[in-house]
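There are 2 protein chains.
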Amino acid sequence: MDKYTITIGREYGSGGRLIGRQLAQELGIAFYDRELIVMAARESGFDEGFVQQMEQKRTISFISNLYLIGYELPVSEQIFLAQSKVIQKVAEESSCVIVGRCADYVLRDKPNCIRIFIHAPMEERIKRVREVYGEDKPNLEDYIRKQDKNRAAYYNYYTQNKWGRAQNYHLCIDSSIGIPASVRIIKELVTEFTKR
Amino acid sequence: MDKYTITIGREYGSGGRLIGRQLAQELGIAFYDRELIVMAARESGFDEGFVQQMEQKRTISFISNLYLIGYELPVSEQIFLAQSKVIQKVAEESSCVIVGRCADYVLRDKPNCIRIFIHAPMEERIKRVREVYGEDKPNLEDYIRKQDKNRAAYYNYYTQNKWGRAQNYHLCIDSSIGIPASVRIIKELVTEFTKR
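Sequence lines, in order, name chains A and B.
Here the first sequence is numbered in the numbering used here, starting from 1 and rising by one per residue.
Here the second sequence is numbered in the numbering used here, starting from 1 and rising by one per residue.
Hint data in this document are derived by calculation from the structure and do not stem from the laboratory.
Treat each hint with caution, since some may be false.
Identical chains share a label here; the pair holds if one copy fits it or two copies do between them.
[Said to hold, decoys possible] Once the Cα atoms are required to be at most 30 Å apart in a straight line, the calculated DSSO-like pairs of lysine-lysine come out as:
id: 1; residue 1: Lys3; residue 2: Lys146
id: 2; residue 1: Lys110; residue 2: Lys127
id: 3; residue 1: Lys149; residue 2: Lys162
id: 4; residue 1: Lys187; residue 2: Lys137
id: 5; residue 1: Lys3; residue 2: Lys162
id: 6; residue 1: Lys162; residue 2: Lys187
Here the structure is a predicted model, which is why all the values come from computation and not from measurement.
With the sequences and hints as input, model every part of the structure.
Encoded structure:
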């Protein structure tokens, strides 16, 4: 297999981004996450800060902000389309890891796209969000559940799939086994895939 | 880690049973699948053939056969309870692989239970069901979907979980990567687990 893309969907606080970055580093391929926002912002002609703001509050409710600035498509959908174009472009260019942004769905017709989903038990995620992300909100569990709800709503709205449904992914893994172990297991899958 | 159990949930035709058997063989541990039915039959005092028949038509609708033979619990629930006892007993005795029968839920309080879910794209499953299981029904896709529907209904009825929801399992894998490769990846996870 020539160029390949690894897409990573992940629960909030599961360490999915860390795993993706580590994976990209060990495989010697590109890594895209927030970088995509910047690129998509440029692509869509929107202000970078504005795209970032839309990203942060991405919930189904923002869909009601229709025709916000008088464009033909709702702003959120224009941003999604711009991001999708960027995802297709970077996946064409070289092998890479892409975190979030429904990349698995955007690249659904590419046979060389390896779809991963990372999750972890709530207590592990609370610990990571507190200790690694430095969040000190009083009710972290509610906060984490809300982030997941937003991610699921965003994914389910833009794709025909269901976020976190095992059958949508080649591999789903509980990262409580540890970041290095998760990376090793995903690499094993990638090796099998690239052998094809 | 001392004794451990690997539970395998699987889509019909995904090769989950094959993977489970191979895994047990390579790890040198016990393997339980249909054997459980026989043991559960003995445990419950029911005729073995009758238990098998109930197993085969396990759908939510059979729950309506309440008090079929005048016992206090519906027959299907008595069989489920008997199977659960057998699962707990064999998991206590030695390390093993258990396929199906909601074993992940039955052993939910055991920290040394590794929960796996196996799935595969429909075309792969049609091929396996035709070529390996020797099924020659005219509409295999409908037949496969019906088997999955029954498994999901059975699982969702007896557990508080949702069949095939990634977060219920430590690892979910698309077996279209091949049986030996799937076994290798699951073994990697087991190695990490047993290191703890």
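Verification of the supplied hints:
1. In this homomeric assembly, Lys3 and Lys146 never come within 30 Å of each other (Cα to Cα): the closest approach is 36 Å inside a single copy and 37 Å across copies.
2. Taking the shortest alpha-carbon separations for Lys110 and Lys127, only the inter-copy value of 22 Å comes in at or below 30 Å, while the best intra-copy value is 36 Å.
3. In this homomeric assembly, Lys149 and Lys162 come within 30 Å of each other (Cα to Cα) both inside a single copy, at 12 Å, and across copies, at 17 Å.
4. For a Cα distance limit of 30 Å, the shortest separation of Lys187 from Lys137 qualifies neither inside one copy, at 35 Å, nor across copies, at 39 Å.
5. With identical chains, the CA atoms of Lys3 and Lys162 are at most 30 Å apart within one copy only, with a shortest distance of 27 Å there and 35 Å across copies.
6. In this homomeric assembly, Lys162 and Lys187 come within 30 Å of each other (Cα to Cα) both inside a single copy, at 25 Å, and across copies, at 28 Å.
The structure is inconsistent with the numbered hints 1 and 4, although it conforms to all the rest.
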